[in-house]
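Chains as they are written, first to last, in our numbering: chain A, 457 to 603; chain B, 22 to 543.
Hints in this document: simulated from the structure, not taken from any laboratory.
Only a predicted model underlies this, so the values are computations on that prediction, with no experimental measurement involved.
There may be inaccurate statements among the hints.
Each computed EDC-like pair below joins lysine to aspartate or glutamate, with the alpha-carbon atoms no more than 16 angstroms apart [to be verified]:
| no. | chain 1 | residue 1 | chain 2 | residue 2 |
| --- | --- | --- | --- | --- |
| 1 | B | Lys494 | B | Asp527 |
| 2 | A | Lys507 | B | Glu239 |
| 3 | B | Lys281 | A | Asp508 |
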Amino acid sequence: MFEKLELVLLNSDRLVYLDSNKFQITHSMKKILIIEDDLLISSLVQFRLNKDGYQTIVVKDGNEGIEAINTKDPDLIITDVMMPFRSGIEIIHYARKNKPDVPVIVLSSLGEEEEVVLEAFNLGVVDFVPKPFNPNELAIRVRRVLK
Amino acid sequence: MIKIHIFLVGLIVFGLSANAQESKNAFPDSLSFQKELVRQGELSGLEYRISIDISTIPDSLQTDSAFLFSKSGQVWVSKTYSDWSQSEKLISSLSIYTPELEYLVFGKKADFTGAETYFQTLIAAGDVVLGAETEKSGDDLVLMASRDSYQPISEGQFGLFLDNKFFWVFVITLFFLVTAGGMIVFMLIFKNKRNQRDEQIKAYEGMIAGPLTSLLFEKDLEQINAMTIGDMNEIFPIEYLKKPLFNEVMINLLIGLNKKMKGDFKVKLKSFYKKAGLVEVTLANLKSGDWDKVATGLVQVNEMDLVELLPEVKKHSNSSNFPVRSQAGATLLNLSEKMDLGFLVNQTYPISEWQQMTYFRIIKFVHSSKELEIDQLFSSENQSVRAFGIKLVRMLGRVDLLQNMRDIIPIATEEEKLELLRAYQALGVHTEVDFINQSMKSPILSIQEEAIQVAGALGNKASVEIIEELLKKDPDFNLKKLLLKSLFQLDKDEFEVFVKANEEADIQAIRAHILDPILQNV
Chain A
457 MFEKLELVLL
467 NSDRLVYLDS
477 NKFQITHSMK
487 KILIIEDDLL
497 ISSLVQFRLN
507 KDGYQTIVVK
517 DGNEGIEAIN
527 TKDPDLIITD
537 VMMPFRSGIE
547 IIHYARKNKP
557 DVPVIVLSSL
567 GEEEEVVLEA
577 FNLGVVDFVP
587 KPFNPNELAI
597 RVRRVLK
Chain B
22 MIKIHIFLVG
32 LIVFGLSANA
42 QESKNAFPDS
52 LSFQKELVRQ
62 GELSGLEYRI
72 SIDISTIPDS
82 LQTDSAFLFS
92 KSGQVWVSKT
102 YSDWSQSEKL
112 ISSLSIYTPE
122 LEYLVFGKKA
132 DFTGAETYFQ
142 TLIAAGDVVL
152 GAETEKSGDD
162 LVLMASRDSY
172 QPISEGQFGL
182 FLDNKFFWVF
192 VITLFFLVTA
202 GGMIVFMLIF
212 KNKRNQRDEQ
222 IKAYEGMIAG
232 PLTSLLFEKD
242 LEQINAMTIG
252 DMNEIFPIEY
262 LKKPLFNEVM
272 INLLIGLNKK
282 MKGDFKVKLK
292 SFYKKAGLVE
302 VTLANLKSGD
312 WDKVATGLVQ
322 VNEMDLVELL
332 PEVKKHSNSS
342 NFPVRSQAGA
352 TLLNLSEKMD
362 LGFLVNQTYP
372 ISEWQQMTYF
382 RIIKFVHSSK
392 ELEIDQLFSS
402 ENQSVRAFGI
412 KLVRMLGRVD
422 LLQNMRDIIP
432 IATEEEKLEL
442 LRAYQALGVH
452 TEVDFINQSM
462 KSPILSIQEE
472 AIQVAGALGN
482 KASVEIIEEL
492 LKKDPDFNLK
502 KLLLKSLFQL
512 DKDEFEVFVK
522 ANEEADIQAI
532 RAHILDPILQ
542 NV
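Next comes chain A alone, as it looks inside the complex:
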């Protein structure tokens, strides 16, 4: 897609890709780790965030999530709560302890359960997006967090 593009560096965190037909403004390639066991949800979130110019890494369970936090060095973590092997709460614990500067957004259908929301916020998550959700709304929240 970007083979014939001219890359222009505007400032430290934004790049502009130009071609003969259109141009697209993207963020500097911030890395977002998506930990979600639902294939379609992760696909939708990934598609939407890629569209905004983010680099995304998708993993499908808690164990892979922990590994990715260590090896992929993400700028933001989006995690589900109910997942195989390790819950989203365990992921948040781990991220707070080992990567305290990386913000975490929780995306969960347990949004109506007050205890889960409170625990997540107490652990230091920056946002909680309850399912059902709108990917566009999530993208706005991501943009705000990474600004």
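Position chain B against the provided structure of chain A, taking the given hints into account.
Just chain B now, kept in the frame of chain A:
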């Protein structure tokens, strides 16, 4: 000892053919036996002599003084020898006359088998000890084999199966093994098929997720609505759309996503569902003879708002299958343009409490936006439907339907009367006090108790009189407590008068309980 020997001779001479088998075991052939006889030398009770056919001896020899054989019938017999080697030497010297060896057991003639059996008996009795290991020559076995044609002994090889116990043990064991084997094979086949199906589902999910995501983000609702079959086939090849499993996976993904998405994505998903031809799959499910498929179809209609299939859904609203009936009812309430309770009116099966709760949740959620004709429920012949109608009046506060409720009092069952009393109390319907007072006199305890409680809030002077009349009949403690509580609520003075006039301990205890401010709301 002599007696024993005589007995043994009898056994041997008169046919110990059964023992022949045993002797064969000790001496496999005659040569082995004869070698053993040489080794033993003289044996007590066993002697040998030579016999020659009379015709084979020339006359010159018969007249010779050195010829010591004596005539016995048609044969010449030698003197007896107690040592086998002596008789063997004589046989060798007369070999041209074809002499024959004869065994004598205690003086009586015996054949080879009889002599051998006697020898075995001596061994068994410990009178003789075998000199050395017998050597198998097998010579005469070979000779015998060459004379007789071989016949395999097959008769009786399945004789074991004629034993009843063995037969049943064998049959049960065989049955167990065959069943266990069959189950293992079935399990392996089933597991293999399930694994294949799971893998296929994963593959289909992977095939669907990407294109569906692109479609939802890159096409707006109008574009999806305008999609043709050709456009759809560009995204999902037609050969896949014809596969039932592919359609099933796609439907499940769409329903799952529909639950987790909000905004225009939901509308797009529903539009895509129709464009992908999945409505036909749902219709086929609704028309299926399997109740689980019908229930699945009903869920699909409900989740994807397939209002065009509501007539088909209505056919299942009085199904004999509980899950199907419940799901059909919920779907009709959820999707029908005008919240139509008509399907309940003709319901022949009683509505369970679980069904009532499900229907009420839907009605409560959507009734503000849809017209709700509860009054038609009172015309149902199904008493549980009428009772549900009364509950709806109470919970939705539909005081405009009080007259309709009054009309069913003459035919009301116990459950309906209880619901009517609860509805009147909840809605504060003082105008129905006659019904309440009448119910206080009901012979049915549950109705009476409910009516007494309601009378406390809605009763009149007549209610007070009825309560006092009931108290005079000295009811049980619980009913007495309810009556005094209602009396206290209706007329405190009358209550005090009654309590003072009746000094029974239980009445005083109830009074203390009613007047205790801490227990007022207990």
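Hints, one by one, checked against the model:
1. Restraint check for Lys494 (chain B) and Asp527 (chain B): the C-alpha separation of about 15 angstroms stays at or below 16 angstroms, so the hint holds.
2. Between Lys507 (chain A) and Glu239 (chain B), the direct Cα distance comes to roughly 11 angstroms. Compliance with the 16 angstroms bound is thereby established for this hinted pair.
3. This hinted pair does not check out: Lys281 (chain B) and Asp508 (chain A) have alpha carbons roughly 22 angstroms apart, beyond 16 angstroms.
Against the hints set out earlier in the document, a violation occurs for number 3 only.
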